[in-house]
Amino acid sequence: MGLLSDPNRRKALTGLLTRLNTPICIVCYLAGIVWFMGLAFEPFTLRTYMSENAMGSTMVEERFSSGERALSLAKEFDAHKRKAGGMPVEWLVKAMQSRGLEVFTQSFSRKLPFPDENKERYMVRGTNVYGILRAPRAPRTEALVITAPCSPGNTNNQAVALLLALAQYFRNQIYWAKDIIFLVNEHDLIGTQAWLEGYHHTNITEYISGSLRGRAGSIQAALSLELSSDVITSLDLVLEGLNGQLPNLDLANLFYAFCQKLGVLCTIQGKLQRNDWDTAEGYTHAAQTMMLMVLKQACGRSWGDHGLFLRYHIEAASVRGINSFRHYKTDATTIGRLLEGMVRKLNNLLERLHQSYFFYLLPSLSRFVSIGYYMPAFGLLAVILLLRALDLWVHLGAPALAAVDGVTEAEQPSSPGVLTVLTPVVISHLTGVALYLLPVHLQEMAVEHFPVSETEAVVLTAIAIYTAGLALPHNTQRLLSGEGTEQGWKVLKLTALLYLAVLLGCTALINFSLGFILAVTLVPITASITPALYAVVMVLLSPAFTILYCVFIYQELIEAPVSVSEGWMLFLSVISQGILDHALYGSLVYPLLALFIYPCWLMFWNILFWN
Amino acid sequence: MAAHRCGLSLVCILIFSSLAHPSSCDTLEKANDNTAEKRSISEVNTDGSVAGEALNERQWQSTDAEVDRSDSTTHSEALTPAAARDEFQEELVIRPLHSGDIYASFQFRTLWDTDFLQEGQKVSHYRLFPKSLGQVLSKFSVRELHISFTQGFWRTMQWGQPFIPSPPGAELWVWFHDTVSDVDGNWKELTNVLSGIFCASLNFIDLTNTVQPSASFKPLGLGNATDHRFLRYATLPREIVCTENLTPWKKLLPCGSKAGLAVLMKSEKLFHSSFHSQAVHIRPICQDEQCSSKAWELRQTLNVVFDLHTSGQGKKEWSLFKMFSRTLTEACPLASSSKVYVDITDNPEGELFELSPATPLLGQAVVLGDRRTYSVYDLSRAETFGQLRSFNLLLRWKGDSGDMLRPLLHAERYVAGFGLQTGEIHTVIYNNHPYRAFPVLLMDSVPWYLQLYIHTLTVTSKSRDNKPSYIHYQPAKDRHRPHLLEMLIQLPPHSMTEVTVQFERALLKWTEYTPDPNHDLTSIVPVKEESSYFVRVYTEPLLVNLPTPDFSMPYNVICLTCTVVAVGYGSFYNLLTRTFQVDEPSPPLSKRLANLIRRMRGVPLLT
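Protein chains in written order, with UniProt numbering: chain G, 1 to 611; chain L, 1 to 607.
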């Protein structure tokens, strides 16, 4: 502090910072990217370990043996599903009752804001069936949930059957200290959301759902099971949940520990672990795995049924069976044992899972990067914005020696009035509000006037408003003060830089991946913007194009590259999914982009047309 | 036939006593309480058939309660015709449940013919009554004491109503004698002493979880002192019940676990069950019909439900040996009566299950407004044990187990909402009776760290507001007293009544968290429901997650970081808001003097 309060040294320091501003910013940017990519390098990461004592030290012997029975049950379930043309509610209720569970059903319905073309649904009506195994040792205060979605077609029959087989086996055991809820939900995420809202008696997403009759106290953990074939080659663990929330790392550790114990191949992001970290391929593999996790987390949607549990402070993960025709096969009994082991360990919990990390990235299942390691990467990017802001401030303050702050600066007679800055800010945000509200509300009008479907109408309206936003605001200051001054855009840029820094900082705290991806694209352009910059560059680094790039990178990473036109179609569906996720499950990415990031970017866009 | 006759003769007593004591009606409410609590005393030996149906249910109740009292008197008169003496009875009631599970309920009843609450009476002679309890009663001037330890939760939907309901964990309620001046002091000491006697953590009962319900609890024994200043009620929902609680409980029995029904109590079997509850009830009762002398009644009950699925084998078959891994060989020699009852109400023709050995003895009783038929096995008779000298009751199911029951009254409770700031407690009470409304007294005790917003209290039945006719609410004091809410609600027939109240979670001091703070803290409600016959229904305890700091290394890191940031922020803010001016160093004194002189001379100053 002494350094800063001494005026001479302070002057020297600011002088240094302004003189070397551009090199420092470039170095910071590159360092941020390199740091981030270095996170996937194995020697820089930590090995995962079980933090929770209640799960770590206790031994569990798995005895589940009715895998074969589960498979025949799957056929039976399939037959009944075909007959019922959907969820065979009565059969499920009977099946659960005969296994000694308390069975309840919940019916729900939800009208989507516009038709979901990916899953072909609009008016959704369904029933959830769940059975509660009452723990002999506890008074209904805590529960675990095992859920399997009842999906259309041939998928997930084995998951439901295995669920029933596990229920039967669990029911015969005496050691349960937590009630176990076996949930079969219809319409995947919509069913889960309806059930969770019913269970917690909340209504945040306008579902019409029947109230639940049976409850079992506060849910401590949940596992979602997706299994579509009789034998599988590997199990994939899915962790990314709504708004980029992740379950406690101990849940992943638990899964990994049992995969190791039972000799099951396990993957994350569909990628097996490799041991050759010191080769280029090994590093690339880890980096790809981590990038996939970052992309999935950034998009803020729930990547499995588990994702919706996280909002209720329930640690949850999805276990997905994958049959990729490898040589190595795992049968249903082993998967049953794996789940048995996990549930029994969770049953041993004395407290909620809280010992391990909630913020992490996984370059592989056995390695993790904790928040303390990845945050500097973002910090290096974010500091660029602050450095540029400092630079601008010093420049703005240079003529008048007493630099107090930007606002008083703006009010000085030589500089533009506060209105010059305020008008673009307000206009940008109004455009953002329009982008948030209009697509869904105007769909009927759009469908009337244009030959498009509702979903297309929503997406195209969104893109139209987005594009219109580019044309709207950029000459207001001329109306106000005639010619745009250099002072004017600098003040606007200063404001916008600080605004963006705050926005990105807050986003990164909640959802690091989203914050980081936005920072990677937005920071260079916003830091270097002047009225002389080419508009094309600005557009190419806008939020919408960031999404487009992410789509392509994601497809590349999952080894399913797409052509430009396919990529464009995917981009359109990503937008519609984002809007749907917001309406159906309360995902916050769409409002964040529409109401804050896009207006903020528009403020920079405004500078381009200042003169 | 003998049992039938016996039953009929008791009916006579029943009717007679109700005629002889018409005044019993004015203590109707109390009588109601009696019936609820006691089970086998009134019912097992009584036959309420004809008389019961004719009378309306209220009278029913009172007559029933009357039987309770007259019953005990008859016993003492019949069996111990001389001066009243100590007496011990044991019984086991077995009820096969619809779900295929089996419910076994032991009751050991010890009568102690003394009245030490009278001034100046010292008691030093103990025969059947346990001395440890007797001394406690006299030292703390206890009028009534009820304590229960329960593991698991009674599943009303599957099992129907229990004989004696009890909440999960430990429950203790005590009426003190009205001569006690320092009730809180006595209560504190008593809980500590009981904690030692029963090897339980009753010493954790303190002012923060003790309440004084104004209406929910009435004395079950003699004396209609209903001044609730002398009543203390507390529950410990987190109490874990284990073998170490069972052993001292068994030691209170006159025969210990050496003989009689108590030999069946092997802890590894009793705790291999889906429900286990043991209780001790002490109350003063009349020694004879005129109530000229008092006696103390100690009832020790143990209820256990064995689960069909977890018992292995898979066959729907129960025997004493399978349940307890023991058979009976003799009655307790000290017992005046020792019987095993099997509830065969749903099985009059033996189509549901088959019982062996068969017994010719039948008994009928009214339990909770429901007439039940029992097969009776008298252990005091040698023929019960047969030639093998061992009695192993065998019950073999024939039919399929039924679906879930629709009990007349049941209740459930849950916390709505998510997040760590606010929430809402929902209590849902179902009345499944097709045409009768029931008045229900609901009692709710909520720990202080849940700050109830009592203005948000709503009671709705059939989506209409249901105004409680009586509300007693005592707000909590932080760290001193829990919330107490009692309400009298009328449940419309065939309805679901929902009581909701919102709350906010308090921030605890860091020393106030329990050793496992991320395990949520619990609050419990007993819901008590009253009607012509009296049922007490307990709901499940609630786990409420409180905002908990992370008591681990990262927490320290956060604390340190915050401190550093706070210090840094202060200096930085200081720096940003301060204006700096270059301060000219002041000229030395000689120069100033010189300048002064120059100014006077009008010559230009030195710089």
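Any given hint might turn out to be false.
[As the list claims (entries may be wrong)] With a cut-off of at most 30 Å between alpha-carbon atoms, the simulated BS3-like pairs for lysine-lysine come out as follows:
no.	chain 1	residue 1	chain 2	residue 2
1	G	Lys111	L	Lys462
2	G	Lys94	L	Lys218
3	L	Lys322	G	Lys94
4	L	Lys250	L	Lys218
5	G	Lys94	L	Lys250
Source of the hints: derived by calculation from the structure; they are not laboratory data.
Evaluated hints:
1. Restraint check for G:Lys111 and L:Lys462: the C-alpha separation of about 27 Å stays at or below 30 Å, so the hint holds.
2. Annotation: proposed proximity of G:Lys94 to L:Lys218 is violated, straight-line Cα distance about 44 Å (limit 30 Å).
3. With a CA separation close to 29 Å, the supplied pair L:Lys322 and G:Lys94 stays within the 30 Å bound.
4. For the hint linking L:Lys250 to L:Lys218, the alpha-carbon distance of about 28 Å falls within 30 Å, and the restraint holds.
5. Distance hint between G:Lys94 and L:Lys250 is unfulfilled; the C-alpha atoms sit about 42 Å from each other, more than 30 Å.
Consistency with the previously given hints fails for numbers 2 and 5, ordered from lowest to highest.
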